[in-house]
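Asks: Residue numbers (numbering that gives the first Met the number 0), protein chains in the order written: chain A, 0 to 194; chain B, 0 to 222.
Just to be clear, a hint being listed does not mean it is correct.
What the hints assert, rightly or not - Derived Cβ-Cβ restraints for the label pairs, each shown as a range: (1) B:LEU176 x A:MET153: 19 to 27 angstroms; (2) B:PRO39 x A:MET153: 20 to 28 angstroms; (3) B:GLU201 x A:GLU106: 17 to 25 angstroms; (4) B:LEU169 x A:GLU76: 52 to 60 angstroms; (5) B:MET0 x A:LEU147: 49 to 57 angstroms; (6) B:LEU168 x A:MET153: 26 to 34 angstroms; (7) B:ASP204 x A:GLY152: 27 to 35 angstroms; (8) B:ALA78 x A:GLU135: 52 to 60 angstroms.
Stated by the list, open to error - Partial selection, computed: residues in chain A whose CB lies under 10 angstroms from chain B: (9) ILE63; (10) CYS71; (11) ALA107.
Treat the hints as calculated values from the structure; they're not laboratory data.
No residue lacks a Cβ here, since even glycine has one placed at the ideal position from N, Cα and C.
Chain by chain, the residues:
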Amino acid sequence: MLARIILPTRVLLNPTILKMAPSPHAGRFLCPFAPLQPFSLSRCHRGAWARKARYTDAVHEMGIALEIYRTCRETIESHGGGRLERVRLAVGELAAVEPELLVYAWEAVVDETPDDDAELEVVWHRANQHCSVCGESKDRSEGSWLRLCPDCGMPLQVDGGDELDILDLSFESDQPDEEIEVGEQENGADRREAP
Amino acid sequence: MKKVVTVKRRALEANEERAQALRDRFAKSKTLVVNLISSPGSGKTTLLEATVRGLEGELSCAVLEGDVATENDADRIRALGVPAHQILTGGSCHLDARQVEGGLSAGNLPDVDILFIENVGNLICPTTYDLGEDFKVVVLSVAEGDDKPVKYPAIFSRAEVAVISKSDLLPHVPFDLDSVRSQITSLNPDGTILVTASLTGEGIDGWLDLLRQWFATKRRATQ
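All chains should be modelled from the sequences, with the hints used to inform the complete structure.
Replies: Pasting the structure below:
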């Protein structure tokens with residue numbers, strides 16, 4: 000019983016956890032009379048990353064950042080292991096993902112891991128509005144949409160902008176050079192700092 | 000030694016794989032699956048109540064309700080004799096495929112003709128998560144203001160149907176229906192726009208016809 004109270008409290012006071020959105024179970028950790036938690040002893044010891052995994056759904060950028068990190072680790076392990084330096088992610092204007100929040104979530108995800116300096120670079124892709132009559136893309140300002148083709152008045156089609164793709168990553172390898180398979184770096188769209 | 004590796008994978012691949020497994024499962028059971036997305040209070044549950052009443056004795060329905068807290072919505076559906084399960088997300092802003100999988104098992108829902116998934120009230124985050132549905136439907140009530148489609152373009156560009164709800168309030172609120180139609184059309188030229196008032200029944204027949212049509216198409220496609 001004592002262990003059940005102390006361990007969750009330690010987790011609750013962890014600074015990394017504190018800056019994240021609260022878990023549905025967070026309040027119950029403080030109550031020694033609460034029913035058995037869905038939080039076992041072994042789960043407390045899976046390290047910072049595993050603890051954060053419990054918060055995947057709290058903000059959707061957090062869940063996305065965790066998935067990206069998971070994929071990065073898988074990729075690096077399959078290439079002999081190493082330390083992640085940078086990952087590039089294509090994000091479309093219609094992906095419903097806010098780059099600034101995603102980068103913030105990413106920093107929380109890699110914090111306290113061996114990859115804590117790893118950077119997430121967002122490669123921003125705008126959606127395109129094109130006219131099927133004129134056959135051309137139409138210029139518009141970011142964040143606004145054209146109602147109709149400014150040249151012929153026909154409805155415009157929206158293309159692209161739903162990207163949410165991990166493009167490539169760079170890492171400091173644990174392996175000698177010759178054992179590593181190296182891919183080409185993708186050319187992204189417009190580079191964008193978090194807005 | 001610094002190395003660059005091409006990855007080229009969807010960031011939410013794990014969710015998309017789960018959603019595909021759900022889609023296979025729904026194809027087997029020939030269940031039409033509709034994912035309802037809107038901001039809180041736009042009338043998703045009231046639309047569902049009108050829907051299951053309208054389809055009673057014709058098509059079997061079940062509902063998965065997603066909410067941060069309370070069983071209220073599932074209770075409202077169950078009160079109409081329709082199986083429903085409440086997924087409590089506890090602070091999370093959207094449903095994902097894993098939660099739908101879990102909700103189906105936990106709720107022990109029977110195989111039905113139409114499964115409605117009422118997402119957590121939010122116009123942003125649910126857009127990104129595939130739940131294995133056949134159609135996304137976005138609901139926008141006239142009380143929310145007529146600039147929402149261009150403010151939240153992601154969901155309005157992806158939802159096959161936009162339901163403008165609470166049209167019985169139109170005489171009382173400033174809401175330019177033509178402007179909303181044109182905003183939605185510019186984001187999704189092939190989408191369908193319906194205007195409904197669940198409490199008075201306006202437009203509900205058109206919505207039910209659309210569901211019948213989708214259901215018939217799914218039956219044909221999964222034979």
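Asks: Range first: 17 to 25 angstroms. Now tell me if the beta carbons of GLU201 (chain B) and GLU106 (chain A) are that far apart.
Replies: 49 angstroms, violated
Asks: Against chain B, run the beta carbon of ALA107 (chain A) and see if the smallest gap drops under 10 angstroms.
Replies: 16 angstroms, violated
Asks: Kindly confirm whether 49 to 57 angstroms is satisfied by the beta carbon distance between MET0 (chain B) and LEU147 (chain A).
Replies: At 55 angstroms between Cβs, range holds.
Asks: Using the Cβ atoms, figure out if PRO39 (chain B) sits within 20 to 28 angstroms of MET153 (chain A).
Replies: With Cβ atoms ~36 angstroms apart, the hint is violated.
Asks: That 19 to 27 angstroms hint for LEU176 (chain B) and MET153 (chain A) (C-beta), does it hold up?
Replies: 22 angstroms, holds
Asks: Okay, LEU169 (chain B) versus GLU76 (chain A) on CB: inside 52 to 60 angstroms?
Replies: 58 angstroms, holds
Asks: Checking hints one by one. Is ILE63 (chain A) an interface residue toward chain B, by the C-beta closer than 10 angstroms rule?
Replies: At 6 angstroms from the nearest chain B Cβ, ILE63 (chain A) passes the 10 angstroms test, so the hint holds.
Asks: Evaluate the given range 27 to 35 angstroms for the C-beta pair formed by ASP204 (chain B) and GLY152 (chain A).
Replies: Since the Cβ atoms of ASP204 (chain B) and GLY152 (chain A) sit about 33 angstroms apart, the hinted range of 27 to 35 angstroms holds.
Asks: Let me know if the C-beta of CYS71 (chain A) comes in closer than 10 angstroms to any C-beta of chain B, holds or violated.
Replies: CYS71 (chain A) check passes; min Cβ-Cβ to chain B is 8 angstroms, inside 10 angstroms.
Asks: Go ahead and decide if the range 26 to 34 angstroms is satisfied by the Cβ distance of LEU168 (chain B) to MET153 (chain A).
Replies: 33 angstroms, holds
Asks: With respect to the beta-carbon atoms only, verify the hint that ALA78 (chain B) and GLU135 (chain A) lie 52 to 60 angstroms apart.
Replies: Hint holds: Cβ distance 54 angstroms, inside 52 to 60 angstroms.
The structure is inconsistent with the numbered hints 2, 3, 11, although it conforms to all the rest.
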